[in-house]
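Chemist: Dock chain B with the ligands against chain A, hints included.
The listed protein sequences correspond, in order, to chains A and B. Each residue of the first sequence is one higher than the one before, starting from 0 at the first, in numbering that gives the first Met the number 0. Each residue of the second sequence is one higher than the one before, starting from 0 at the first, in numbering that gives the first Met the number 0.
These are computed hints drawn from the structure, not numbers from a lab. The structure presented is a predicted model; accordingly, all values stated were derived computationally and were not measured. Ideal placement from N, C-alpha and C gives every residue a C-beta, glycine not left out.
For the chain A half of the interface with chain B, some residues (derived, Cβ under 10 Å), not all of them:
1. SER53
2. GLY227
3. LYS242
The calculated label-pair distances, taken between Cβ atoms and stated as ranges, are:
4. ASN36/B - VAL217/A: 27 to 37 Å
5. ASP6/B - LYS75/A: 42 to 52 Å
6. ASN36/B - SER168/A: 50 to 60 Å
7. THR103/B - GLU80/A: 44 to 54 Å
8. ALA28/A - VAL209/B: 43 to 53 Å
9. ALA87/B - LYS75/A: 33 to 43 Å
10. PRO63/B - VAL74/A: 19 to 29 Å
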Amino acid sequence: MRAQSCEALVLVNEEEATGIRQMRVNLPAGQPEPKAGMFYMLRAWGADEPPLLSRPISVHRWDKETRVLTFLYQVKGKGTEKLAALCHGDRLSLTGPAGNGFPVEAARGKRVAIIGGGIGVAPLLQLAREVHPVAARVDFLAGFRDEVYRVDAFEPYCANIYVATDTGSFGKKGFVTDLLDTEKYDLAYICGPEIMMKNAARLCLAAGLECYVSKEGVMACGLGACLGCTCRTEKGEPVCVCKDGPVFEGSVFYG
Amino acid sequence: MADLRVDLCGKELRTPVIGASGTYGFGGEFSGIVDMNWVGAVSGKGLTLEGKAGNTGVRLYETPSGLINSIGLQNPGVRHFIEHELPAMRALGPAVMANLGGSTIETYEEGARLLDATDVDFIELNISCPNVKAGGIAYGVKAASAHEVVSRVRKCTSKPLIVKLSPNAENITEMALACEDAGADGLSLVNTFQAMAIDLETRRPVFDNVFAGLSGPAIRPIALRMVYQVCKAVNVPVVGLGGIATARDALEFILAGAAAVQIGTANFANPRACEDVARGIAAWMDAHGVKTLDEIRGAAL
Ligand SMILES: Cc1cc2nc3c(=O)[nH]c(=O)nc-3n(C[C@H](O)[C@H](O)[C@H](O)COP(=O)(O)OP(=O)(O)OC[C@H]3O[C@@H](n4cnc5c(N)ncnc54)[C@H](O)[C@@H]3O)c2cc1C
Ligand SMILES: Cc1cc2nc3c(=O)[nH]c(=O)nc-3n(C[C@H](O)[C@H](O)[C@H](O)COP(=O)(O)O)c2cc1C
Ligand code: FES
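The shape of chain A in the complex, shown without the other chains (with noise of 0.2 Å):
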């Protein structure tokens, strides 16, 4: 599929925890549908205006028939803190759907864990919505600092639900890491910090688990084009983020 250039208009944009917005906007009719790990490019500045990149912001739910694409987003700097200054009506530059994004066939029939660190949980929410109906059974395991966000929205697709914080300010004190008992499960989807993917990523690979990582990656285009976004394998290959991926199988780099 072709990324596409568009102008959403914001429906709502609020705050969903401290530093966590949600943003709805509207899909022009005619734009590509995204998947699940797909993301898009978001502007909601002047091409002349800084900061000079637009930013990757993951795909956090698609509703089909009404065609609202929500994103969950945390404010980190100028460009966030840019998208949170938008008001109903305002308008948003988009540019995607972006990368591969998950391998949803991937569950089917089987044991799923969902598993998610801070606002790596964005794009898990539509992952749960498309893994639901094909996978056996789906648990979401999240871990967060202190402040607990978006958990509730899972319910509807998830059998389980087991959170961890940091702080042991609501759920198990700990990481979302302590939270894996890695028998009850087939497949793992993990998307959250560097080092809790790969802590997660190895106790899966370890006992055996088919697991999908989401890489984040600092890009400039989010069209395979401009080659700012490439990591390395464990192996030393480059792969392009935005392209070949966000979403990896976990041995890639973790192996």
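Modeler: For chain B with the ligands alone, kept in the frame of chain A given last:
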């Protein structure tokens, strides 16, 4: 309606707007976004005889109005390009410019021979990549070394040969004259300016290679000055680039004497930049009663 067609080294481009090397992939990446009828040519990712994995570490770093990159000529190699990327690039519509880098004169020569046997429209010889130790920048600084590499490559191809100059050249006019004398059919300038950034946390340079290349609006006025100087000095056509983001920017370069322009970093801020610039030039021409760019090219010289 304005006639946007321009002649570049004997080949007709349907518009004067070219996607710049390293920012436009091999063109297809943008084909769902840009109406390629507005794009005169695509300069593909910089090729080297053998493929390259590119640089390690941080590759992109934003500045207030620019971008510093340290890609390091990651590319699949000339042969892979000819077999796998060129057919689709050819089919897109815009003229095909193969951007060729090298480490030694011999690898430049061999790359040029291989490309000469294909249906690429232009060879853009990159003697100016600041991001690989022997990525051509060595040839891009001193006019005498540029003269040597260009004359040797000239003998390997009958394709229109456009030499891409580095703004890091000791003297841009002498460099341009040396390349013209060595047989270049055209010149393109500028490539990125050598730059750097330092990480306050680690107290170390951001890039593994220490230095990297600055592009984008930050370099535009300097690029324009260099294009102006070169257009004054040489007789071959000049392709201007460096920070061009709008039709207005592009027209400045054309008034400075550029035959055509390339758009690089601006494609990241606006993936439709090439089309928007071409449409904007046409609109400006219509509004000012200009029928072809020949009427205004070099008016500022
Ligand atoms: C494919 C992909 C999908 C993403 N999906 C989401 C999402 O759904 N929700 C979400 O909140 N974020 C997501 N991100 C991360 C998001 O793009 C960055 O947080 C954002 O670009 C930061 O921009 P900024 O201008 O606000 O911050 P900046 O001012 O650019 O940076 C603020 C701080 O964050 C660091 N930073 C910036 N970019 C990144 C990055 N890509 N990875 C790690 N650290 C970074 C900087 O070094 C700096 O310390 C995604 C990234 C990728 C590559
Ligand atoms: C990410 C990136 C990669 C680049 N790769 C190449 C390359 O492979 N070969 C080359 O000749 N120039 C390369 N350039 C330089 C551009 O083609 C152009 O000369 C420069 O960026 C200035 O133009 P701009 O300001 O419009 O980007 C690259 C630039 C960027 C930003
Ligand atoms: S962001 Fe440009 S190639 Fe991935």
